[in-house]
Structures are given as C-alpha cells and as structure tokens.
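**Q** Residue numbers (this note's numbering), protein chains in the order written: chain A, 33 to 337; chain B, 46 to 310.
Don't read these hints as lab results, they were simulated from the structure.
None of the values given here were measured: they were computed from a predicted structure.
For each residue, glycine too, the CB sits at the ideal point set by N, CA and C.
Any given hint could turn out to be false.
[As the list claims (entries may be wrong)] To be clear about the criterion: a stretch of chain A counts as covered by chain B if any three or more of its residues have a C-beta under 8 Å from a C-beta of chain B, and this derived list gives those stretches: (1) 36-48; (2) 124-133; (3) 200-214.
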Amino acid sequence: MKTDYYGLPVLKRPHWQWEIALYFWTGGIAAGTYLVAAIADLFGDEHDRPTVRAGRLLPLPLVLVSAALLIKDLGRPEKFYNMLRIFKLKSPMSAGAWGLFAFGGFAGLSALLEAVAAADNLRLLRRLVGLAGAPFGLFLGGYTGVLIAATAIPLWAGNRLLWGPTFIASAFSTGVAAIEAALALSGRGNRETLGKLDRVHRLSLTTEAALLAAGLARLGPSGRPLTRGRWSSLFVPGALGVGLLLPLLLGLLPRRREPSSGSTLLRAACVLLGGLLLRTCVVYAGKDSADDPHAYFALTRRGRR
Amino acid sequence: MITDAQRPVGFFTDSSLCIGCKACEVACKEWNQLPADGYEFLATSYDNTRSLSGTTWRHVAFVEAPGAGAPGAQQTWLMLSDVCKHCEHAGCLQACPTGAIVRTEFNTVYIQQDVCNGCGYCVPACPYGVVDLSPVDHQAHKCTLCYDRQRGGLEPACAKACPTDSIQFGYLDELQAHARQRLEELRQRGVGAARLYGLDEGAAKDERGEGTLGSLFLLLDEPERYNLPARVELPQNTVVPSSVLTAAAGLLLWIGAAIAFGRKW
Chain A
33 MKTDYYGLPV LKRPHWQWEI ALYFWTGGIA AGTYLVAAIA DLFGDEHDRP TVRAGRLLPL
93 PLVLVSAALL IKDLGRPEKF YNMLRIFKLK SPMSAGAWGL FAFGGFAGLS ALLEAVAAAD
153 NLRLLRRLVG LAGAPFGLFL GGYTGVLIAA TAIPLWAGNR LLWGPTFIAS AFSTGVAAIE
213 AALALSGRGN RETLGKLDRV HRLSLTTEAA LLAAGLARLG PSGRPLTRGR WSSLFVPGAL
273 GVGLLLPLLL GLLPRRREPS SGSTLLRAAC VLLGGLLLRT CVVYAGKDSA DDPHAYFALT
333 RRGRR
Chain B
46 MITDAQRPVG FFTDSSLCIG CKACEVACKE WNQLPADGYE FLATSYDNTR SLSGTTWRHV
106 AFVEAPGAGA PGAQQTWLML SDVCKHCEHA GCLQACPTGA IVRTEFNTVY IQQDVCNGCG
166 YCVPACPYGV VDLSPVDHQA HKCTLCYDRQ RGGLEPACAK ACPTDSIQFG YLDELQAHAR
226 QRLEELRQRG VGAARLYGLD EGAAKDERGE GTLGSLFLLL DEPERYNLPA RVELPQNTVV
286 PSSVLTAAAG LLLWIGAAIA FGRKW
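All chains should be built: construct the whole structure from the sequences, respecting the hints.
**A** Structure follows, in structure tokens:
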C-alpha cells in the first residue's frame, strides 16, 4: 500500500484560472509575431514587407491584452504596481513582469514606427528597434515555461527543463500562424513570403512536437493529468492532433503555385487553436496534478535530476 | 538578513509528545484573529481540519497506525502539529515578485500584507503546500511565527498553549541540539522509527544541496505518513538550467528562421 495521508493533497492548487492560460497564449503570440517580423526585416527581402508590417502591428494589442489579463488574475488587482517595486532575477514572476513591461515598450515603438513611417525612410531605425527588442521577445515567449517549471507541481516540475523550450517553440509557431492569418485575411500575402513563413512554421512545429514528446516521456506517470485525466480529451485530440499533427500533415500536401488563402487560414487557425489548448491544458492539468500526493511523493523521492 | 543582535528562532515540534488536543490550532486562530473555515466531516480520523491553509496556520494531523510508534503497541495514534517550515531557503520568498515575503530579523519568513497583491505564485512555489490565498482578502497568508509576539518578547501562541510542550519555541541552534538529543533518547528506548525532519531529511535544499528548516519536527514514521515530502529541492533551483535551455532553444529557432528568410549573412 502506498504511504499517504488519507489521500489528501500535499500541495496547494495554484489559483490561476483562464486568464493565465489565455495570457500564456497571447504573450507567446506577441513574442512570436515580433520575432518573425524582426527576422523577416533583417534577413528577408522586399517580398517580406507584408510579413514585417503584420509582425510589427500585432504585438502591441496583444501585449495590452496580456497585461490586462495578468492584472485581472491578481487577488488584489488594484495593487498590481507592486510587481514593479523590486526586481528579482530568481523569480520568473518578477522577471516576467519587468520583461513584459520592457517588451511592451518595444512593441509600442515598433507599431509606432510602422504606422508613421510606412515608407522605407526609417528602415535602419526600425531594424535596430526590431533587433534590440528581440531578446525581450525571446524572453517573453519562453519565460512562462520556466515560471511553471520553478514550482513544486509534479506536472510542471517533473518536466522542468523542457517546458520553457516547448513554450518558446509554440510562441514561434503561433506567431507565424498569426501573421499568416493576418496576411490571408488582408489579402496582402505573396508566394515568396508565405513560402518562407511556411518553412519557419514547419521548423517550429516539428521542434514543438519533439519537445512535447520528450517532455511527456520524461514525465511518465506524472504526465497523467495531461494524457489520462479530464484534460486529456482536450489535450490529445486538440493540442496534439489539431494543433501539431494536422498542420504538419497539411504542410506535406503538394502545394499549388499560388497558395490559396483558404488553406493558409485553415492551417493558421489550427496552430493558433492548438497553442491555446496547449497552454490551457498545461495550466489546468497542473492544478489537478497538485492534488495527487503520490505524484508529488514520487517526484521528491526520486529527486529531480 | 539576520541582524547581529538577533539570534535565529524557530519551532521544534516533537510529535512523540503530541496528544492531539488541537490547542495550538485554536490558540493560533485566536491570537491571529483568523476566521473559521466551516466544518467538514472527513470521516477519516479525528482530523477535520484537513491541512494548513491561508486561514489555518497550525494543523494537527492524526494517523491511525497499526503497529507503529511505541514498541509492542498494537495500535498507535501518530499525531503531529504541522506548521510553516520557515525554510532557510524558502520557495515562497524566492518566488514572491513584489517583495511582500521577507525574512525578518528573527530569521522567520513573513508576508507583508500591505505589499502582497495576491499574484499567487508563492502557492505552487511552496514545496510543503503551506502558503495559500485567503478567501477573505485574496492575499497570501501563512504562519508569521507570531511576529507581533516576537516583537514583544513573547513566545508564539501555539507554543504557549501546547500543554505537553510538544511545540517548543526557542533559538534555532538550541532547538537543533535538543532535537538531536531527544532523537537519541527515543532511539535508546527502542523507538527505532523516530527521525528528525528539517535538519537533513525534509529540508528544502538550494543548488549546493544545503539548507535547514526553521521548524523542526520529530516524526515517528516516514514523512509521507504525515503528508510531508521526504526530499525537497528548492523549486528555484530550476530557474538557471531551465532558462539556459529556453534561451538556447529560442536562439536555435531564431537562426533557423533567419536561414528560412535569408539571403544575406
């Protein structure tokens, strides 16, 4: 018989609700779109202009929504400013608050430059801003994974090394998807830039799928809240099936000369939905995982290495 | 930081002396003016408190243990008054983004209620499941080691109320020495299962594998029987390796995307 205390939870459930899951998603997309725009501007050509434009305009509204979600989630939203009272590198929550704040500045600057100087006269400045904000974009896309890893929750701590990389890969894939969706909806896409986005898409989706597979293998029984529990019916067909497998399979189909906006939009929608389901399932299954004393005892008995 | 004038204080909770009267739970609630939690009949033991929470800072666990504890006994009640561990390396304190959670001049871990904004990150960051958001004010709460009483030179309410001295309050170095001595005494009497929790076993360890607890416990069975984790690593030990890998993954994706877009470089 397993030793426990009447099966009662050892840990306290994190109180985080849908706001945090949604923020993990919007923050990731903001980071991904910013990074793809910066890359397209630095390394691309004139065909990539629509991609750069979309990726410069999208992060700002997403950051504003993210900040609103984070504040709403607080137990005492009116005291949100205490987050900016200290800076603590060892606390991903503190670093994250500052990181979002700093990234928000770059997102605003990018959007402003894009709005006021559509012509190429400020090209160098725009590229510099894109490059300077890129580290903050990388941070915003990945720190949420580090944040959940640095807890005692078995589902999160049991895969502590890979949640961050998984989330940054998902930030890239959802960022590309958001730009693709914007191009398809506005009709501004062209074959060249959509082809490049497609390559980034396959790279980030493949990376994400591999990291998730490795993570689930590492978690073993601690991963059950994701793979067997009540969130599995969303996670397996949703996050894995619709979000990863389906877009990867769609990418394998022979492409017509002119990419149809319908198929681009479909795949983008799949990836965006998948990213949302991934964050939602990881957050909520993590809460369930806090209730399982045996998963926690197994984690502490084996040590985390 | 510990000031020179102050020696670190703490608890030593000796479960071999606990009679399960719950005077500590009541004294804590009274002194700290904590609200009642309602009444839920768990039908598992004499424990209907269930666990520590934002409004319950001492919790007496009751374990019905056939054959455990005293040698030759057929049935033994293991009772333990659980409390915040006031860790040397505290997960909640390191996680706190507002600086609301601080180390006091008495070496205890304390939540400044005027600063806490209820972000809740300390909750999953506590490896012992101690700190929680209160349903009353939605801020994080836990044992303060009666900070206000410390300031007045008084021992914490729970230790004061404990009729058997199962809960002992004092200077941490003295408590540690006393705990070791008590363990030795019990072992000599044949209580082979007795063990200390919070010196080596059970203490939250930093990256170097060091750390002790400000709340020591003497247990009469495996920690898990009392819902305590046996080996605890500080959650924040993850931050550096996890961040490095995340940055590496991000850089690789950046390079991959640059190649996908690139004609230059």
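**Q** Tell me, in ascending order, the numbers of any earlier hints that this structure violates.
**A** No hint contradicted; all consistent.
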